[in-house]
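Trainee: Construct the complete structure from the given sequences, taking the supplied hints into account.
Residue numbers (numbering that gives the first Met the number 0), protein chains in the order written: chain A, 0 to 323; chain B, 0 to 323.
To be clear, the hints were calculated from the coordinates, so they are not data collected in a lab.
Glycine included, each C-beta is placed from N, C-alpha and C at the ideal position.
One thing to keep in mind: the hints can contain errors.
[What the hints assert, rightly or not] Across the chosen pairs, the derived CB separations fall in these ranges:
hint : chain 1 : residue 1 : chain 2 : residue 2 : range
1    : A       : G112      : B       : E287      : 45 to 53 Å
2    : B       : R259      : A       : G255      : 20 to 28 Å
3    : B       : A253      : A       : S233      : 45 to 53 Å
4    : A       : D199      : B       : Q212      : 27 to 35 Å
[Unchecked claim] Partial pick of chain B residues on the chain A-facing surface, computed with a CB cut under 8 Å:
hint : residue
5    : D219
6    : H247
7    : V311
There are 2 protein chains.
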Amino acid sequence: MTLRHSSPTELYAAASDGDRRALARLLSLVERGGAPSRQVAALAYRSAREAATVGITGAPGSGKSTLVDRLVAAVRAEGGDVGVLAVDPSSPFSGGAILGDRVRMQEHALDEGVFIRSMASRGHLGGLALAVPEALRVLAAAGLPLVLVETVGVGQVEVEVASATDTTVVVVNPRWGDAIQANKAGLLEVADVFVVNKADNPGAAETRRDLEQMLDLSVDAGWRPPVVQTVATSDDGIDVLWGEIRRHQAHLAADGTLERRRRDRLAREFRAVLSARLARDAEHALGEGGLGALVDDVVEHRLDPYAAADEVISAITRRSPDHA
Amino acid sequence: MTLRHSSPTELYAAASDGDRRALARLLSLVERGGAPSRQVAALAYRSAREAATVGITGAPGSGKSTLVDRLVAAVRAEGGDVGVLAVDPSSPFSGGAILGDRVRMQEHALDEGVFIRSMASRGHLGGLALAVPEALRVLAAAGLPLVLVETVGVGQVEVEVASATDTTVVVVNPRWGDAIQANKAGLLEVADVFVVNKADNPGAAETRRDLEQMLDLSVDAGWRPPVVQTVATSDDGIDVLWGEIRRHQAHLAADGTLERRRRDRLAREFRAVLSARLARDAEHALGEGGLGALVDDVVEHRLDPYAAADEVISAITRRSPDHA
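Mentor: So this is what it looks like as structure tokens:
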């Protein structure tokens with residue numbers, strides 16, 4: 000099959016049958032957005048296949064990539080297939096580009112049960128926050144039962160992406176103030192499991208205690224995020240971490256939370272898509288910088304918010320929806 | 000002047016000249032929404048008058064109303080005029096209805112320098128979250144230099160309303176776990192000043208310590224919310240509280256934060272108005288329950304989010320904007 004000239008429908012059929020190169024091409028289409036991406040979205044949305052999703056986030060240098068590698072090995076030891084989506088909102092590169100020199104590519108490159116892919120925002124409407132859920136559905140439709148989503152930084156988009164999964168793992172290090180920084184970055188609220196990685200360094204017990212203390216002050220009933228200590232480079236604690244991730248997924252499934260969360264995420268995604276579409280339509284209708292100029296008019300008190308909203312809406316409705 | 004038959008423009012002119020009954024009528028128009036409210040919004044938006052705004056929130060029974068009364072007395076002792084907006088998202092009543100039997104009405108009823116008004120959502124687009132900023136501009140345009148916004152509960156709308164002010168005061172009581180509940184309700188993030196009210200009860204020191212500990216773990220640079228102990232019923236600590244509120248306002252003004260926050264709030268308000276307008280237009284265009292049915296289609300995987308957004312947008316654009 001010549002992938003380069005295949006239609007989204009042909010690529011989708013091939014990917015569903017296990018063709019990993021076709022899957023990689025589909026994810027490129029998702030990244031780029033536009034009409035082909037829409038076709039892929041519609042196909043994958045109708046698939047009955049579902050994947051368990053695990054987001055892994057934390058400050059740069061905390062050892063997330065090594066942790067993901069070790070988790071992949073743990074999953075493979077049990078015989079399951081696994082996908083890895085490495086997301087970097089700050090990078091315009093994707094595919095093999097940033098992963099070529101990474102250890103894990105060498106380690107898992109010949110393993111047919113592992114599909115690794117990095118992802119950047121190359122034009123998808125709404126950026127990575129909307130491209131990632133779509134990519135996750137494509138990975139599920141291709142038959143991967145589990146996908147790990149690794150984010151590179153701890154900005155708002157990264158946290159949003161990592162928490163749009165069933166289980167969110169937050170990685171900190173045994174450094175003074177690391178737990179507090181994680182809290183300030185809004186990670187305490189999204190964490191289902193905490194990892195103190197590089198726990199062979201001094202201060203691991205203190206960092207763990209800081210986290211437990213913050214959890215005492217903020218956790219609601221239902222699920223209290225466990226705090227796991229790991230040394231990913233020497234595989235210490237990975238089995239415990241994988242066990243806690245599975246325990247969380249069992250917890251979600253047991254009381255209907257998983258179903259409810261997934262439905263809530265879809266409803267939120269629909270609203271986000273609608274907002275992004277309308278914002279784009281408004282930019283089209285008002286011309287380059289037109290929406291920004293209206294915001295300026297509002298904050299400078301030249302136009303009240305209601306009059307400004309009128310202008311946007313009449314511009315959109317005057318314009319025929321040929322750009323849908 | 001016969002207020003009942005006055006136009007919004009006439010009422011606005013009278014309120015700007017200090018007519019408090021005209022001001023009360025204007026606020027009723029804002030509550031009710033629709034075309035008259037739009038006229039009021041446009042007029043008040045062009046006013047150069049600004050008011051300092053202070054939000055006061057906390058659990059029911061924490062003594063917020065008494066605190067507000069005492070703050071009003073402290074402001075009046077200094078000779079300044081002050082407005083009070085009591086906001087209850089759960090109540091369909093407003094105006095004199097829920098305030099008739101309140102102590103402060105009797106105490107400040109004859110004081111021309113105090114304007115007290117309760118507010119409910121009676122039809123304003125976007126509910127109280129959008130009606131309150133509009134009401135605050137009307138109060139500022141009427142010449143009130145300071146407005147206290149008291150919310151009744153601690154739901155999401157209440158927190159949103161109270162934090163859409165320059166200074167947000169969060170009230171807790173010396174009860175075991177009260178500080179932790181405040182944190183869980185998202186109040187730690189929005190607080191500029193904490194009050195431990197009813198501090199003559201046992202546990203005040205512990206509650207204060209809990210708050211300080213949580214602040215240690217979460218506060219970013221710039222401003223650390225002070226924790227003030229008060230016994231509002233006997234006027235204890237009110238001068239300290241008022242001093243901290245003024246200190247916060249001076250802090251905001253000094254480094255340009257006030258200007259930046261107000262501009263950010265206006266930009267957010269514009270986006271919220273636009274979203275509310277579009278949601279309303281979508282409901283109009285799709286018919287009763289039409290938007291909800293589309294959300295159902297999405298979460299049931301009958302329609303992908305992009306196709307659902309298409310349906311909304313083509314329904315809006317097919318419809319002429321006669322309902323603007």
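Trainee: Looking back at the numbered hints, which does the structure fail to meet, lowest number first?
Mentor: The structure breaks hints 2 and 6; every other hint is satisfied.
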